[in-house]
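Add chains U and L to chain E, keeping to what the hints say.
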Amino acid sequence: MSDENASRFRARRSAPARFLSTYGQEIIIAAVILLLFVLVSSINPRFLGANNLNTIISGNAYIAVAAIGMSMIIITGNIDVSVGALIGVLATISGTLAVAGYPVWFAWTAPILIGAAINGIVGALVAYGRLPSIVVTLGMLSILRGGLVTVTGGAWINDLPPDFHFAQQRLIGIPAPIWVMVILTVLAFLWMRHTAFGRSLYAIGGNAEAARASGIPVERRIVQVFMIHGAFAGLATLLFATQLRIIQSTVPPNLELTIITASVIGGVSILGGTGTVIGSTLAAILFSTIGAAMIFLNISPYWLRAVIGVLILVTVLVDMQRRTREIRKAKR
Amino acid sequence: MTLRKVFRHETILALLVVIALIALDRQSDNFLTLDNILNQGRLMTEVGLIAIIMTFVIVTGGIDLSVGSILGLTAILIGVFWENVGLPLPVAIGAGLVAGTFAGFVNGIIIARFRVPALIATLGTLALYRGIAEGVSQARSVRGYPEWFYVLGQGEVLGVPTQLWLLGLVAITAAIVLGYTTWGRTTYAVGSNEVAARFSGLPVDWTKIAIYSASGFAAACAGAIFVSRVSTTRSDMGTGIELDAITAVVLGGASIFGGRGTIIGTLLGLILIQALKNGLSLAGVKSDGTVVLIGAVLILTILLSNLFHRDTNR
Amino acid sequence: MLRKSLSLLALLSMSAGAVQAQSAWTGGDDLPTNPLACDGTPAAAAAVDYDGGTPTDAPDRNGAEITVVDVPKLIGIGYFDATSKGIAEAAAELGNMNATTDGPVEANIDDQITLIDNYVTGGVDGILFAANDPVAIAPVLKKALAAGINVVGYDANSEPDARQWFVNQAEFNGIAKSMIDSLVAEAGEDASFAIVTSTFTTPNQARWISEMEAYTAACYPDLTWLETVEAQEDNILSFNQANTLINKYGDELKGILGMTSVATPAAADAVTQAGQCGSVAVVGLATPNAMKPYVESDCVKSVVLWNPVDLGYAAAHVLRATADGTLNPGDTTVSAGRLGELSVINGSEILLGAPYVFTKENIADFDF
Chain E
0 MSDENASRFR ARRSAPARFL STYGQEIIIA AVILLLFVLV SSINPRFLGA
50 NNLNTIISGN AYIAVAAIGM SMIIITGNID VSVGALIGVL ATISGTLAVA
100 GYPVWFAWTA PILIGAAING IVGALVAYGR LPSIVVTLGM LSILRGGLVT
150 VTGGAWINDL PPDFHFAQQR LIGIPAPIWV MVILTVLAFL WMRHTAFGRS
200 LYAIGGNAEA ARASGIPVER RIVQVFMIHG AFAGLATLLF ATQLRIIQST
250 VPPNLELTII TASVIGGVSI LGGTGTVIGS TLAAILFSTI GAAMIFLNIS
300 PYWLRAVIGV LILVTVLVDM QRRTREIRKA KR
Chain U
0 MTLRKVFRHE TILALLVVIA LIALDRQSDN FLTLDNILNQ GRLMTEVGLI
50 AIIMTFVIVT GGIDLSVGSI LGLTAILIGV FWENVGLPLP VAIGAGLVAG
100 TFAGFVNGII IARFRVPALI ATLGTLALYR GIAEGVSQAR SVRGYPEWFY
150 VLGQGEVLGV PTQLWLLGLV AITAAIVLGY TTWGRTTYAV GSNEVAARFS
200 GLPVDWTKIA IYSASGFAAA CAGAIFVSRV STTRSDMGTG IELDAITAVV
250 LGGASIFGGR GTIIGTLLGL ILIQALKNGL SLAGVKSDGT VVLIGAVLIL
300 TILLSNLFHR DTNR
Chain L
0 MLRKSLSLLA LLSMSAGAVQ AQSAWTGGDD LPTNPLACDG TPAAAAAVDY
50 DGGTPTDAPD RNGAEITVVD VPKLIGIGYF DATSKGIAEA AAELGNMNAT
100 TDGPVEANID DQITLIDNYV TGGVDGILFA ANDPVAIAPV LKKALAAGIN
150 VVGYDANSEP DARQWFVNQA EFNGIAKSMI DSLVAEAGED ASFAIVTSTF
200 TTPNQARWIS EMEAYTAACY PDLTWLETVE AQEDNILSFN QANTLINKYG
250 DELKGILGMT SVATPAAADA VTQAGQCGSV AVVGLATPNA MKPYVESDCV
300 KSVVLWNPVD LGYAAAHVLR ATADGTLNPG DTTVSAGRLG ELSVINGSEI
350 LLGAPYVFTK ENIADFDF
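Protein chains in written order, with numbering that gives the first Met the number 0: chain E, 0 to 331; chain U, 0 to 313; chain L, 0 to 367.
If we strip away everything but chain E, and leave its shape as in the complex, we get:
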């Protein structure tokens, strides 16, 4: 698409149309969430109760935070299947530090740095070792999962100091996880759209060679984005580990799939180059909404997984349709 055609194309579309096409996915998700709320609350008004809203929105906050980092990874055309194991490991580290007597703020922030460090290694292997990210993170998944069991011997952590529970605190009535999730999402979104660093991620995902040719230090960026993703995993751990009074020493099953799914349904494309973190956060909220809705509506829980599967497929098909339509429109 040549430059004159591109600008002619852009000029021909009105501002609302552009908004819709850029944020179409996010709008769909928000619409489905609203639809569910309307539907379920008409059957059982308690769905709109303050406690329930809290459960829904902050229940998956840690998934939304982790999905921010994952979205960045996917935007660059990579993937990370080890993030679930990483969160499990970081949670145990966090709890162990707290029980060992370190100040609580240290137990909260150490996992962020450790997560960044571990994923920095992964990033280096991907960028400089030229290993496909699926392979490296597949290997890392085994190492972290097995390592966690070896180190903890299976014991849970259950004598956490009372001020450890960050996720239980509230600021002006709104629970901490919601604050963290919203602030991080907004910050990440602005950063991705409006800084050179953020835009370079989209460029790398779109076409790495072209990005390199235009002066973007591709390898360094990839290491950096993996480190940032690791830090977000650490932030997710902050919410995950401090919600309850015990910390399991096993990795929650399927956590990485849930996080990847949230990013994908949120509009981030594995083809690289598009999608926003607002979408992934909305998707995480959509999951907990569906989960709660199924309980409220007495729907057989045996079918929950199938519903999620259908959702993914339909979302991606719609996304592909949109892409082909855009290309066809631009060609005219």
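Treat the hints with caution; some may be incorrect.
Derived Cβ-Cβ restraints for the label pairs, each shown as a range [said to hold, decoys possible]:
no. : chain 1 : residue 1 : chain 2 : residue 2 : range
1   : U       : T172      : E       : G214      : 45 to 55 Å
2   : E       : W190      : U       : F113      : 46 to 56 Å
3   : L       : G62       : U       : D28       : 22 to 32 Å
These aren't lab readings, by the way, just hints derived from the structure by calculation.
Note that CB positions come from ideal geometry on N, CA and C, so glycine has one too.
This is chains U and L only, laid out in the frame that chain E set:
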């Protein structure tokens, strides 16, 4: 892709396998016995069938994460068709295999016709097929199959476990198809450069659909064998097997970006992983340690191989 | 157009299952139940013939040093950490048993079967197991018996002829009675309650739920079961599910039954954080350590369990007795160290005892 380059990764791998076998043999007397080897072959068959066909998938530059769910779905359907619908067992098994192949076919359609990236498409069908298995089975197991069914998973033919014959047959057929037929060459072409392949008039879409259907079929067969081996069905069967299969294929030298990979490589990868799992356990290493080691072996092997293949990357 | 189909499809698929789960309690299995008498008189123990398996050509291990491997459902949860401790304690006490615990990293039958298979090849003298699936594990256990290995199960049984003995922590109907009795004591005979379980495919949980249903129908017909949710082995998910239940039923919910050591603390935390302590009773199976904060704050009055350390301890002693030849088919009791004499029930099961109820008074005495 010259013969010399192909040889190099497979030779390194073969060397690694030999080293591993020797080292593990030192640790335990029971490791390199005929009994144990045949037994490991039996345990390896389900992953093996899936991994062999997964080679085709990965050579085309795709991936299939839904194989574990197809395995579980086939297992459940065999039970449901036999017990709830009342079909005779051979018919039920056949119907299950058809269903599994169809599941793979659907994958192929989504990926080839709708151009959805394989990773995401099979991520979606992973959830969908597993969900259908859970929904249909309502978490009930089906057990009490007739004795003849167990010969498949637990019996022997001429002293060799039944399913191992099947694995051998599939391996040889796959190696011939991939290495020596036009089909195989088309597969490599699609993986190396799909656009060029399409322009050359190769049936890219049909090749992909056929390969994903075959992947579904392999997973379905593995499901039938698994049910026969453990004499019951559960909706959570096969979870995680896709990662084992992909590990074996990648270890075997296939490039995840497509265009490179051989059946012999995959088989060597399978043998290495099975040998490690078995040998380490016999040597007294616990399962969490084994899991860590296999992860490390995967990363190191690919790293090593990449160092010798500096030019063939993204 | 496709966008509309998205929402429509989602709604359609959700409603597909709406017709189910109106009859039996969700999460129960379909095996026959055997509820205990409401007032606690023990059922007349019918003498049952020995129905366990027999090892082929087992070498004489009387008094000899033996190597034993313990293969629980999975490693990495407090419950099996505790059974492992019990086994180690017995091994140290006996002096002639070398016991290691090695289990899969996930509660996966295939991994467990492969593990046991490896140990059979490697040549152990005895296998202790807690099965992820009673039927699936049978072939490999029978293989172990055929190799002359002594096989004893605990916590989760296999088919009887695949092992020699099974140490039963408490009978299914006994646990069911304890749970329901504790619930009624706290919430009243006409309470409405919900159940949080791990997965619907876990055999033990399914048995307990079925037995609870049978016992409730017989003894407390005014109790109302609301629903069962499954929360895997994920404590955050359990927490969210429990919260959703509290939100959905509001005042109608008087009690939550937790079926696993993951679900119960999470449910207790949900009730605490929702400020519903005292209004919603939380009764469940859990390890005391995980429940201490809730019991001490009076949010949870009783925790039903048995002593998993004792369970592992007893299992190890039973294995030793089997290997020594002091425990044989047809015996009615077995000596298990500091636990004294344990009875043989149901042919080839050894009963640990009645379920233990941990309360504020005694929970501090335990550390597992």
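Satisfaction of the hinted span 22 to 32 Å by the C-beta atoms belonging to G62 of chain L and D28 of chain U
Since G62 of chain L and D28 of chain U have Cβ atoms about 25 Å apart, the given range 22 to 32 Å holds.
Quick check: does the Cβ-Cβ distance between W190 of chain E and F113 of chain U fall within 46 to 56 Å?
33 Å, violated
Check the following: the C-beta atoms of T172 of chain U and G214 of chain E are separated by a distance inside 45 to 55 Å.
51 Å, holds
Figure legend: structure checked against the earlier numbered hints; the only hint not met is number 2.
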